[in-house]
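Asks: As a plain string of letters, each chain reads:
Protein chains: 2
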Amino acid sequence: MTDEELHGHLIGRQGSRRELNTPVLIVDLGALTRNIDVMAGFIAKHDVKLRPHAKTHKSPEIARRQIAAGAIGACCAKLGEAEVLAAGGITGLLITSPVVSPPAIERLAALNARTVDLSCVVDNPVNVAALGRVCDVATPLRVLIDIDPGMKRTGVASPEAAVALLAAIRAQPSLVYAGVQFYCGSIQPIADFRERAAAMEERADYLRTVIAALTEAGGAPGIVTGGGTGTHQIDPGLGVFTELQAGSYVFMDSQYLACELTGDDAGSPLETSLMIDARVISANVPGIVTIDAGIKAFATDAASPIVLSGAPAGSTYTFMGDEHGAVSWEGGRTPVLGEIVTLGTPHCDPTVNLYDTYHVVAGDTLRALWPVAARGRSR
Amino acid sequence: MTDEELHGHLIGRQGSRRELNTPVLIVDLGALTRNIDVMAGFIAKHDVKLRPHAKTHKSPEIARRQIAAGAIGACCAKLGEAEVLAAGGITGLLITSPVVSPPAIERLAALNARTVDLSCVVDNPVNVAALGRVCDVATPLRVLIDIDPGMKRTGVASPEAAVALLAAIRAQPSLVYAGVQFYCGSIQPIADFRERAAAMEERADYLRTVIAALTEAGGAPGIVTGGGTGTHQIDPGLGVFTELQAGSYVFMDSQYLACELTGDDAGSPLETSLMIDARVISANVPGIVTIDAGIKAFATDAASPIVLSGAPAGSTYTFMGDEHGAVSWEGGRTPVLGEIVTLGTPHCDPTVNLYDTYHVVAGDTLRALWPVAARGRSR
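The listed protein sequences correspond, in order, to chains A and C.
Number 23 in my numbering belongs to position 8 of the first sequence; there are no gaps in the numbering.
Number 196 in my numbering belongs to position 181 of the second sequence; there are no gaps in the numbering.
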């Protein structure tokens, strides 16, 4: 039985959130909508566009809402995500990792032939030649030069390598040079705003050097894409990016909530919209309850989940294996078997990747089921 | 496009493993079959039965092979897994966590009414009463008393609590008392065999105390279930278990490979059958390549993945975000974009949970696609 069959009949009924099987991935529709609107309002006031990263949500439904608020498309980490979003009607897709394996290049060419305004990044002349051989000159593929900001993950490692790659792209009639990508992933989570801004300014100097070299070679980039939720308040002022890739802002996990996102003291204009509802399934040990959400319910690459509600103030969560977690329960009332504890996610992207369905709520009413359509599409 | 559509046409073709989109979850059919046979041979020589834990593989296909080799059914961590295995024709299912939430109890009763020989564990009289109300006296549910071995996760906390729970079960005509569960999860991964055996012997003394109290109350358990891959060579000699729950033995992840599984020096009779094939997608930094497998390709709750083949001897893996990993590449030949690196999984259960399909291989030939049918079925 699918989630839709199990839970579809609860949609719109007051209190129905509390009737869901747990653990369940919850999106607060009001908070999600406010986050989309806050970011859209920020972008509208600056000379940049927003192509938000869909690797966060993996959902054509959420991408449509971002585009309705002004976004120009969506970024995807992998080809498989782009295939799913394209099938969901999303255009203006940018694949932010190189696509290099032979079967993937075939799929990329096929996707490009049937999709409006698809782009992908490249960082190696060998890959450029392979893409050039497979793509069709009738529907050339837009490619961006991926520039390594020092993470040593992907991207060209020097201005000279960028210029060489530009020449390689221009040698392929089935490819179109569309610009550059410069994603400073390791700067995004720096907690202190000034420190984050200084790191970004230093890296922007390097980016300008690469752009100058490309421009001198006749390849002034039309698109300069980068940035994330952590640096979105900093990036427009650098005057170098034409578009931003911020993605996590729709959900605001506890990693980003711990960041000082703005330079003033007004606090974050973004709020948590993503959470997990779990239930107490054992309560035989004083001071602890066991809930039905463990390693298969939360990504474990960041900190532990945060107890948002349902347990006494100050309660904390500890992983207890694949299917269970311990929530400390000191003081307050006696826990009741089956009662709901709501937790915040430490790192939203890989947590969402564990679930098939968003259960979208307003208060305690289930409002909609949205598939996590690109879950597991890492290929 | 599903994995089946993408990869089905490669089945049986020599070299087809190397044509798969990556990252891909690989099962070596020979190693899997040998592991199933080795465990079946061990069990046949001892006075215990095997009800292997399907939370490891989540696959009716693998459960069928275990049962064909002599297993008496399968354990499931959650009701959702049991629903999927039952739909796949597996009988003799034991759900090893309490089922307590109201919607789950309804589903459990429905599953029990249509399934042969279903059992679940209980650890609380309130839960027993709730199950008793919903189950049907015409098809009573078999329940086992879950005894906490000291993990403070689930289970009754004392012999007295076990006896009280026995009375609660007997008060419900729609429930049948079937025995006890005693799963020592924290003992399984102790690396040293003698230390693990001593810990298990100490805990078995406590288990005997609880069984004596139950027996005195007229509740000698028909089933005493517990044990895992780590203790399977120890448990039969304790003379208290009637059946074992070992699950990871089918795959042997690097956690269990690091354990001294037997008391002699013969080495492990079990071998790795599960791995991830990934590809080099960037190679612009001397001494490192970037592969297309990151936090969404491997569970991160244990150690890092192990490089099994495809990179120079001594290469190691480092996570580089959701979609990427760095593999050190010192000496040897120059890496080639798109070439395959094969990695061992640190913790198999939650790693499998990230994939929809097993790609089953013999050598470099793709032999079959098996769905990870109960992936994500944590409810």
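Hints were generated in silico from the structure; no laboratory data involved.
All figures in this text were calculated on a predicted structure; none of them were measured in a lab.
Virtual Cβ for every residue (Gly too), placed ideally from N, Cα, C.
Heads up, a few of these hints could be off.
As the list claims (entries may be wrong) - Derived DEER-like restraints, expressed as beta-carbon distance ranges:
1. A383(C) / G200(A): 30 to 40 Å
2. G45(A) / P188(C): 26 to 36 Å
3. A383(C) / I26(A): 36 to 46 Å
4. A153(C) / E121(A): 38 to 48 Å
5. R185(C) / T48(A): 50 to 60 Å
6. A179(C) / R348(A): 34 to 44 Å
7. T331(C) / T224(A): 52 to 62 Å
8. S343(A) / P188(C): 34 to 44 Å
Stated by the list, open to error - What the simulated footprint calls covered on chain A by chain C, stretch by stretch (three residues with Cβ under 8 Å from a Cβ of chain C suffice, anywhere in the stretch; the number is not a length):
9. 30-37
10. 55-69
11. 201-209
12. 292-306
13. 374-388
Asks: For every hint, state whether the structure bears it out.
Replies: For each hint, the structure was consulted:
1. A383(C) / G200(A): 30 to 40 Å: About 38 Å separates the Cβ atoms of A383(C) and G200(A), which means 30 to 40 Å holds.
2. G45(A) / P188(C): 26 to 36 Å: 48 Å, violated
3. A383(C) / I26(A): 36 to 46 Å: Once the Cβ atoms are compared, 39 Å apart, the range 36 to 46 Å for I26(A) and A383(C) holds.
4. A153(C) / E121(A): 38 to 48 Å: This hint is violated: roughly 57 Å between Cβ atoms.
5. R185(C) / T48(A): 50 to 60 Å: Distance hint for R185(C), T48(A) holds at roughly 53 Å.
6. A179(C) / R348(A): 34 to 44 Å: 23 Å, violated
7. T331(C) / T224(A): 52 to 62 Å: Violated, since T331(C) and T224(A) (Cβ atoms, about 33 Å apart) do not stay within the stated range.
8. S343(A) / P188(C): 34 to 44 Å: 38 Å Cβ-Cβ, so the 34 to 44 Å window holds.
9. 30-37: holds (count 4)
10. 55-69: Answer violated; 0 residues pass the 8 Å Cβ test.
11. 201-209: violated (count 0)
12. 292-306: holds (count 9)
13. 374-388: Coverage by chain C is violated for the region 374-388 of chain A (0 residues, Cβ < 8 Å).
Hints 2, 4, 6, 7, 10, 11, 13, counting from the list given before, are not met by this structure.
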